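There are 2 protein chains.
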Amino acid sequence: MSIFLHVVPVSEAIATVQKIAPLPVQETIPLEKATGRVLSADIHADVDIPGFDRSVVDGFAVHAADTTGASDAIPAMLHTKGRVEMGHPAGTGIHPGECIYIPTGGVLPAGADAIVMVENTEQAGGDVLVRKTVAHGENVLLYNEDFSKGAVVLCRGRRLSAQDIGVLAAAGCARVPVFCVPVIGIISTGNELVPVTDTPKAGQIRDSNSFMAGAFVQEHGCLPKHYGIMKDDREVLRAALERALGECDAVLISGGSSKDDRDMAAALIAELGEVIIHGIAIAPGKPTIIGRADKKPVIGLPGHPASAFIVLIAVVRHLLDRMTGDAAPEQKVVQAVLANNVPSQKGREDYVRVKLENGMATPVFGKSGLLNTLVKSDGVIRIPAESEGLESGERVGVWLW
Amino acid sequence: MSIFLHVVPVSEAIATVQKIAPLPVQETIPLEKATGRVLSADIHADVDIPGFDRSVVDGFAVHAADTTGASDAIPAMLHTKGRVEMGHPAGTGIHPGECIYIPTGGVLPAGADAIVMVENTEQAGGDVLVRKTVAHGENVLLYNEDFSKGAVVLCRGRRLSAQDIGVLAAAGCARVPVFCVPVIGIISTGNELVPVTDTPKAGQIRDSNSFMAGAFVQEHGCLPKHYGIMKDDREVLRAALERALGECDAVLISGGSSKDDRDMAAALIAELGEVIIHGIAIAPGKPTIIGRADKKPVIGLPGHPASAFIVLIAVVRHLLDRMTGDAAPEQKVVQAVLANNVPSQKGREDYVRVKLENGMATPVFGKSGLLNTLVKSDGVIRIPAESEGLESGERVGVWLW
Chain A
1 MSIFLHVVPV SEAIATVQKI APLPVQETIP LEKATGRVLS ADIHADVDIP GFDRSVVDGF
61 AVHAADTTGA SDAIPAMLHT KGRVEMGHPA GTGIHPGECI YIPTGGVLPA GADAIVMVEN
121 TEQAGGDVLV RKTVAHGENV LLYNEDFSKG AVVLCRGRRL SAQDIGVLAA AGCARVPVFC
181 VPVIGIISTG NELVPVTDTP KAGQIRDSNS FMAGAFVQEH GCLPKHYGIM KDDREVLRAA
241 LERALGECDA VLISGGSSKD DRDMAAALIA ELGEVIIHGI AIAPGKPTII GRADKKPVIG
301 LPGHPASAFI VLIAVVRHLL DRMTGDAAPE QKVVQAVLAN NVPSQKGRED YVRVKLENGM
361 ATPVFGKSGL LNTLVKSDGV IRIPAESEGL ESGERVGVWL W
Chain B
1 MSIFLHVVPV SEAIATVQKI APLPVQETIP LEKATGRVLS ADIHADVDIP GFDRSVVDGF
61 AVHAADTTGA SDAIPAMLHT KGRVEMGHPA GTGIHPGECI YIPTGGVLPA GADAIVMVEN
121 TEQAGGDVLV RKTVAHGENV LLYNEDFSKG AVVLCRGRRL SAQDIGVLAA AGCARVPVFC
181 VPVIGIISTG NELVPVTDTP KAGQIRDSNS FMAGAFVQEH GCLPKHYGIM KDDREVLRAA
241 LERALGECDA VLISGGSSKD DRDMAAALIA ELGEVIIHGI AIAPGKPTII GRADKKPVIG
301 LPGHPASAFI VLIAVVRHLL DRMTGDAAPE QKVVQAVLAN NVPSQKGRED YVRVKLENGM
361 ATPVFGKSGL LNTLVKSDGV IRIPAESEGL ESGERVGVWL W
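Residue numbers (our numbering), protein chains in the order written: chain A, 1 to 401; chain B, 1 to 401.
For the record, the hints were derived by calculation from the structure and aren't laboratory data.
Take these hints with a grain of salt, some might be off.
A pair counts as met if it fits within one copy or between any two copies, since identical chains are not told apart.
Claimed, not checked - No farther apart than 20 Å at their CA atoms in a straight line, the calculated lysine to aspartate or glutamate pairs in the EDC-like style are these:
(1) Lys201 / Asp53
(2) Lys259 / Asp53
(3) Lys33 / Glu219
(4) Lys259 / Glu138
(5) Lys19 / Asp326
(6) Lys296 / Glu274
(7) Lys332 / Glu219
In this text the structure is predicted, and so the values were computed from the model without any measurement.
Make the full structure from the sequences, and use the hints.
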């Protein structure tokens with residue numbers, strides 16, 4: 001293979017991984033387990049919510065007209081008819097001149113059209129003095145005001161937040177249709193790599209990228225499956241890749257920072273399927289491989305930790321988002337002012353790690369082989385391919401880690 | 001009990017929950033399980049990272065001085081001495097006038113002080129033509145440049161991201177000291193509440209708040225434990241609370257929107273321990289209870305869904321953050337321009353739900369009994385107690401859900 005890569009723009013890499021992402025399959029799970037999962041179908045309310053006109057305060061249900069002009073100085077006097085019991089249909093209705101005690105959440109009795117808060121009343125024997133005028137409908141949550149029976153409460157593709165889980169409970173969705181969690185195989189290659197439990201000897205380093213990739217995959221709603229460290233041996237790597245393709249929905253091959261490792265990964269992917277892209281116009285992260293085998297995406301990540309991480313956030317996350325079925329994946333971006341000039345090479349997207357402090361984004365420069373720049377920075381700024389750099393004082397969007 | 005609550009400022013409520021939060025206990029778990037968990041101790045590198053001078057490119061290790069003035073027009077010619085094998089100590093060293101092939105990640109051989117990228121060289125028999133000048137140290141990652149042996153790589157209290165997991169792997173931290181996941185008991189009260197699996201009859205609604213609270217607790221790194229729906233019966237509620245106090249680290253009592261329920265919860269907490277706060281100057285969310293029993297926090301949430309949710313994000317999250325040991329809990333805030341005037345009552349903090357679109361924050365007004373406003377909005381803006389409102393066009397910080 002050539003020492004020069006044929007690089008493609010980041011946008012093409014993203015479009016490619018989105019195109020080859022396998023469609024997620026579906027399952028049904030209990031509501032208590034659904035936090036953070038992605039809906040695989042629109043959910044409809046099975047009842048009207050609420051199913052009755054409901055008080056939103058503790059107070060007295062009244063004819064609003066009976067309170068017209070009522071004030072501290074001139075209260076309206078209404079005859080009280082007892083109380084509404086929680087959880088039961090309203091019993092007695094009221095006639096003009098009457099009122100009935102109603103707790104928050106109680107059913108509005110027939111004849112009543114508003115509630116006076118208890119703070120604005122005073123009990124006087126069998127009568128109640130109302131010290132405030134209320135309007136028609138005041139302090140009442142109307143029948144089906146929240147959701148109508150049959151209405152879509154949440155849409156397919158929504159990643160479920162705490163509020164969403166509350167809405168699903170109200171809508172009667174005790175078992176939730178969701179997309180299955182994709183399983184992502186992770187293979188490490190490189191003769192220089194040793195397990196975390198080993199102490200590296202001269203020339204060796206610990207395999208940290210596969211752990212980073214596994215955690216990233218998990219943060220993006222997928223399940224990592226680790227296959228361990230493969231030596232730079234074609235048969236060994238091929239056996240691992242075939243096994244991972246059989247057990248997972250996609251495979252990440254965490255290089256191998258040397259060209260030999262990368263070439264072997266590319267050759268193997270080509271042998272078992274196809275290499276679609278080898279080289280992206282991104283810095284750091286150029287020597288990335290995007291391929292497919294057994295109809296499953298196979299991504300070769302660059303070996304330098306910072307390069308691998310930038311490729312994960314800039315490209316691989318789009319693959320994972322598509323595979324999880326998330327229709328509106330979150331990208332945390334905050335606005336900041338750039339503290340220094342940042343030059344950039346035209347024709348490639350540059351991702352510059354930055355530290356955020358008091359609204360200022362300060363570049364954290366450092367070789368892409370370093371891990372420490374990743375944990376000392378808060379996110380990255382992206383310099384588009386058509387730009388030659390950004391100037392100190394410019395407003396920039398910072399993608400938070 | 002009085003119908004009027006003695007309300008305290010939000011800041012006092014936060015300080016109180018932080019004070020009564022039990023200290024988290026610790027455990028040690030495998031690195032693969034540590035994503036999203038919180039470190040309970042500083043982690044030190046057990047080795048120098050890297051442990052040797054390392055090439056960051058594929059190329060030729062050289063004496064930088066030998067390349068001075070080298071260019072396409074006048075290349076330097078160096079005698080090649082073979083190659084560095086990955087994962088092994090460097091064998092042969094080089095003398096001036098010599099070079100050696102080195103893959104990315106290889107050990108810099110004795111005598112070499114820089115690497116020329118392979119793209120800038122040309123093989124010519126046993127010699128290599130170098131077409132570019134390199135500086136001393138160029139393309140070399142130095143011994144312990146990433147982390148020195150013994151250096152703190154990550155601090156206690158850090159919630160572990162993907163990059164952090166990578167750093168821990170490099171630092172040899174195969175088993176990670178973390179704070180245990182706090183267990184939060186959730187009890188629902190209210191005669192009007194029925195389970196999600198039931199169809200509500202007249203006067204009834206489904207219990208959605210306890211599901212919402214459970215999911216919220218999970219989103220904030222805790223484990224919810226649900227005790228189900230308790231009828232408005234003191235002995236039943238007391239038995240549930242005692243059981244939850246025995247099994248959990250803190251308990252949320254999801255009201256009961258009626259005053260009867262709230263009063264019963266407050267009376268029970270007082271009986272088993274103490275009610276510290278009953279009423280917060282927050283809207284929505286005023287009728288919140290903060291108490292303690294068996295040295296464990298017990299929080300009574302208001303019954304209206306939007307009120308309960310605002311109390312969760314404005315107050316309870318500070319309790320959970322403290323209990324998880326998270327030293328720098330994340331609060332996603334984005335800047336936006338307010339689309340409408342929003343009046344507010346002086347003396348209380350108002351939390352107004354907003355929809356975010358193209359940098360504009362549009363208030364989503366709606367009764368606090370509604371769930372739909374929570375899923376139709378993207379977050380809230382906070383109007384401080386000392387303010388009487390915000391004006392259209394003002395810049396505001398939006399707390400994203």
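Against the earlier hints, flag every one the structure doesn't satisfy and list their numbers going up.
none
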